[in-house]
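Q: Here is how the chains run, residue by residue.
4 protein chains.
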Amino acid sequence: MIKAGIIGGAGYTGIELVRLLLMHPEVEISVVTSRRYKGKLISDVNPHLEPFIELEYEDVDTKEIADRTDIVFLAVPHGSAMDYVPQLRARGARVIDLSADYRLKKDEYERIYKRQHKDNDKETRKSVYGLTELHPEVADADLIANPGCYPTGAILAVAPLVKGNEGGGRVKQVIFDSKSGISGAGAEPSAKSHFPNLAENIVPYEVTAHRHVAEMRMELSVKVSFTPHVIPSIRGILTTAHVFIEESGAQTKPLQGLRGRGAEPHSDEIEETYKRFYEGKRFIRLRKGLPSLSSVRGTNFCDIGFKREEKSDRIVVISAIDNLVKGGSGQAIQNMNLMFGMDEREGLWFPGLVP
Amino acid sequence: MIKAGIIGGAGYTGIELVRLLLMHPEVEISVVTSRRYKGKLISDVNPHLEPFIELEYEDVDTKEIADRTDIVFLAVPHGSAMDYVPQLRARGARVIDLSADYRLKKDEYERIYKRQHKDNDKETRKSVYGLTELHPEVADADLIANPGCYPTGAILAVAPLVKGNEGGGRVKQVIFDSKSGISGAGAEPSAKSHFPNLAENIVPYEVTAHRHVAEMRMELSVKVSFTPHVIPSIRGILTTAHVFIEESGAQTKPLQGLRGRGAEPHSDEIEETYKRFYEGKRFIRLRKGLPSLSSVRGTNFCDIGFKREEKSDRIVVISAIDNLVKGGSGQAIQNMNLMFGMDEREGLWFPGLVP
Amino acid sequence: MIKAGIIGGAGYTGIELVRLLLMHPEVEISVVTSRRYKGKLISDVNPHLEPFIELEYEDVDTKEIADRTDIVFLAVPHGSAMDYVPQLRARGARVIDLSADYRLKKDEYERIYKRQHKDNDKETRKSVYGLTELHPEVADADLIANPGCYPTGAILAVAPLVKGNEGGGRVKQVIFDSKSGISGAGAEPSAKSHFPNLAENIVPYEVTAHRHVAEMRMELSVKVSFTPHVIPSIRGILTTAHVFIEESGAQTKPLQGLRGRGAEPHSDEIEETYKRFYEGKRFIRLRKGLPSLSSVRGTNFCDIGFKREEKSDRIVVISAIDNLVKGGSGQAIQNMNLMFGMDEREGLWFPGLVP
Amino acid sequence: MIKAGIIGGAGYTGIELVRLLLMHPEVEISVVTSRRYKGKLISDVNPHLEPFIELEYEDVDTKEIADRTDIVFLAVPHGSAMDYVPQLRARGARVIDLSADYRLKKDEYERIYKRQHKDNDKETRKSVYGLTELHPEVADADLIANPGCYPTGAILAVAPLVKGNEGGGRVKQVIFDSKSGISGAGAEPSAKSHFPNLAENIVPYEVTAHRHVAEMRMELSVKVSFTPHVIPSIRGILTTAHVFIEESGAQTKPLQGLRGRGAEPHSDEIEETYKRFYEGKRFIRLRKGLPSLSSVRGTNFCDIGFKREEKSDRIVVISAIDNLVKGGSGQAIQNMNLMFGMDEREGLWFPGLVP
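Heads up: the sequence lines are chains H, L, S and W, in that order. Residues in the first sequence are numbered from 59 upward in steps of one, following our numbering. Residues in the second sequence are numbered from 59 upward in steps of one, following our numbering. Residues in the third sequence are numbered from 59 upward in steps of one, following our numbering. Residues in the fourth sequence are numbered from 59 upward in steps of one, following our numbering.
Here chain H stands alone, though its shape is the one from the complex (with noise of 0.2 Å):
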């Protein structure tokens, strides 16, 4: 059984964490961290979770959690990662970060975060960004930046389309919409999740300057927009990219399987280069129809579907994930799963709540 410790257990990231592993089958939870309820029973702050948990919040003891466990997660707001990773790493721990604090370059970190990182020693410091259908090389590191919650969605959405070729660059410009469920903005009440302010509305938010578009840019390298939403819901981000194509007379090399009759790729050769880029990809699940939030309810699934524009440069891709999920403390798991050898669907290989 691999031993598993959670530094930051009581906010949403945290005690899905726990939900998630209590129900894998190679896991055992040895401790869960909580400055706030430190002494309190994990099943008493969240009833859900009784009786399946018998443990009491404790205090963060970095030394102590490093030889209790085999794998840390940290589920700790942005800034604080990086006090913990470098005295885990010191003794050996292997850290799966679900903050941002190890996802972008320092100097990029910096600059969008707009707080000094304090983790310097570039051994420690080498992370990998763990969108697993992207890069697996998460099965050999020791340090694994989970991905934000808007960049899973929305990168998985138009990865094929930007990295699935040869030469690359037929994608000119994506321009992400994203539509989120409030739980991503964190259990502690606001008047952003105050009920009669988010019931029978939609509302933006930052809508040019999130600094999730730093993970997209840095992931597609490609001319990229992102505007997000949060929706009258609890769970799921839905993103709507669209997608503009270089037009006829381009001559950059086309890509593979957009290569179309006439300047326009066709619906079947783009259903084509989806079904090759995530061939092999469990948690990928290409639609026929267009995705919404309700098939990936509880899952870690990220669900895509397309529709191209008649006459048009124009490619819709929708994705949809629970950003909890998918889009956090799942993902995590799944890295988790290859880091140790496991198949990646270990614990997480179930259908969504639905209806």
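Worth flagging that the hints you see were computed from the coordinates, not collected in a lab. All values reported here derive from a predicted model rather than from experimental measurement. Be aware that one or more of the hints could be misleading.
[What the hints assert, rightly or not] When the alpha-carbon atoms are kept at most 30 Å apart in a straight line, the in silico DSBU-like pairs for lysine-lysine are as follows:
no.: 1; chain 1: H; residue 1: Lys369; chain 2: W; residue 2: Lys176
no.: 2; chain 1: L; residue 1: Lys164; chain 2: L; residue 2: Lys121
no.: 3; chain 1: L; residue 1: Lys365; chain 2: S; residue 2: Lys172
[Claimed, not checked] Facing chain H, according to a computed beta carbon distance under 8 Å, are these residues of chain W, among others:
no.: 4; residue: Asp102
no.: 5; residue: Val103
no.: 6; residue: His136
no.: 7; residue: Lys237
no.: 8; residue: Pro254
no.: 9; residue: Val265
no.: 10; residue: His268
no.: 11; residue: Thr285
no.: 12; residue: Ile292
no.: 13; residue: Leu296
no.: 14; residue: Leu348
no.: 15; residue: Lys365
no.: 16; residue: Val374
We treat Cβ as the ideally placed atom computed from N, Cα and C, and that holds for glycine.
Since the structure of chain H is provided, determine the placement of chains L, S and W on it from the hints.
A: What follows is chains L, S and W alone, placed relative to chain H:
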């Protein structure tokens, strides 16, 4: 034009008063206070009120407010109203208090609200319980204690059965099981109003000991139980009243209109009792079927329907109100209308927002 | 592996059976029928089930189904099950019927459901009411009448008070006021389930005459009233049970554990009664506070909490279930587990989807 | 008093016309038709309208309706309006058509709506596109084609950038990503509006081929893409317009007010452009922040806000409307007001239902 002041104009009750008074043809809002937002434009804090009001929030100055207004609405927390009322009354202001401070007898208030009542002036304390349909004396009042949201819907649901007879007393017991939209909990974010906690849920609370039961008992004088819940809805209170009547063989004089054949009152007689009791009450709508929240959304109506259980001593009466209108600010304006000799409908006579 | 068949596999109950059985380690789904969708891939009709099931919907052939399965679940409308059961039983099939057809005595069924019961074979008609916690004899049954969703939550809420004593009878009367998610109304769109009609609303229906009251009376043998409502939620039933107990001076032998000081049973004694009654029942969670729907979402748990009203003969008991799991398909599987000598938790032992 | 008739008064658009016209001081509703409900009291079918209207639904008789009214609103399905308009116009009736039948040029209509246009009378066909803020000529029209709900929010969002200059043309391309409440899909229950399908979800549809795009192109004359979604909300359309402007070096004459320093137009200049363009338009509210649906709930306002992306050619403009009011029946009344020489605000000047 009647000049109206609102003390506590930033909570849901206060801001709903502003919204409704802005549509009242005979009223001009002259002052709105808020300690938190003083100096800010009301329409900046509440963008839905732009461009209808150009006032800024002011700090509270009871002397000045008494001078600048014909009527003062108090939309402050329980326990604060009793600070303002004596000062306002001393300066001759007429007051409609939407808090609980003047609803109950002094000793009952102190027992239920667990605080001392500071207003000892018998004269100024003389308030009328502003459940307009039952208390025509509001027309002559200088101080009105506007009813609680739950009591409004509950009392109106069963008053005809309890009070609509000469001898009184065929109703033995009433169990009120109420379901409220979350706006009743106020504008301040809390765990209770946190979207992920309330959506896809219904939450019972204070199931045996909610303070509002005191108003119901005061007005109905029968055995009353009250159990509230919050539902994933912004507005509205649906009250399911389980009314038990004396069974056959009882010596009590039967309800006029509830004579029945044998011991069981018949539905048409019950209907007759309701019609007679609420004759001329324009905001009571007796429904053939069972009411629900949507028809009263945004309105001052109280919709009532009932169903007589066969071979049983139970009548189920359902009432539906908008908690912020008939259950609060609308009823306050209805009271004001009568205090100033106007038709009770003035400024409140419009249909609900359906769908 | 147990081979399971589902007749009526396209409604919410049927498809939830598929979802849950797919996660059951000892079960293999061998046949799922649907007249409407025969020949179509189950996962095409229900995209959340991809890629977990590769079967197509089949037409119903009871003979063949009996041969191909060890257990048959009937998830067909009331009135249809009685067509299948005799044929299936005649071929030796063990059957769990999720309809109402075998829950009540013949004459009671015919009175309540207003149709003739066609199954007159006394032998095959011998069913066990599958409220597992109260009927351990399900383990030996060949035909189980799976309880209705409302009765499951209602009966479990009060059974310890009603039945958990020797002499019986201190509970005088129970009023069940239930609030259900709309999935209980089925997968077929209707005015009731039309989003603009249900959102921001709560709708009472059949407030004195819902058919499920017959099951409650059958199991509890006390004076029972039942009033259902639908709330703007997909899943879940919260039942508020207003329980009235005999007042002081009553001659009846007091409930064991409800002796109390004077006439009033004390909360710790009530708690003791519940604990004793449900000892070893793994899907009953007794809560310190009041339960709500979120903790049971997607699970087979029935959460129960209560509050004793001071100076009163009323106890408010709240139960929360997922109507499609404990109130339907989950309970059916729990019954199957016991019929096949397994732990009742097999395939059903996971925490709820929170948030 | 203006006598108004409504043909098709049982759908959401029709019934919203009734609701709004009942509050209009200068209008009397003289006839409302519905084939389905003819002979029934309007307030029996729509209990929220009791006791405001005493009319019964009538069958359609265009001759009689023309005689009994000063203005006729057509709230019938696309394809039906063209049956009524010629008859009504022949009898001299002034008509506001809320269907799509008279919005587009004949050939464009036939191409998009895939049906023949039966009205060939050039005279009677002469309609004005009733997007009031852009078409002051509605004041002189006898036939108004009331805009679609999506086009209303979309066109108003970007018109100042596209048209608010002399030379025209700095806007290169617009991607409209719209999110609509489900009431836009009508009063008839469907799989799309089935509560369990929509709650906790967001559903993209016709992502490249929604018919409303034709109106947007007609009015804006720039490259337009349009992708709609339905959200779990009753009312409202939030449109996120991703506007791309010509990059530096372009030879086109810059937008007046978009001159900018260097190539990038500055936010205050954009704001200036909007203010100038919508000066005197009372139902346009330019917001400092980003609008959301709640402020416009139940109103005829179109709230607009925008954000300029740094170092980019993208401006994100957000518009919010109530799809049934500004996106339908309210805008129709606004048009009527102007046709009859009244202030455009008559009967429509009230704040939104918040919270």
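Q: Each of the hints needs a verdict: does it hold here or not?
A: Right, here's what the structure says about each hint:
no.	hint	in the structure
1	H:Lys369 to W:Lys176	29 Å, holds
2	L:Lys164 to L:Lys121	25 Å, holds
3	L:Lys365 to S:Lys172	21 Å, holds
4	Asp102	27 Å, violated
5	Val103	24 Å, violated
6	His136	21 Å, violated
7	Lys237	5 Å, holds
8	Pro254	4 Å, holds
9	Val265	4 Å, holds
10	His268	11 Å, violated
11	Thr285	6 Å, holds
12	Ile292	6 Å, holds
13	Leu296	5 Å, holds
14	Leu348	5 Å, holds
15	Lys365	5 Å, holds
16	Val374	4 Å, holds
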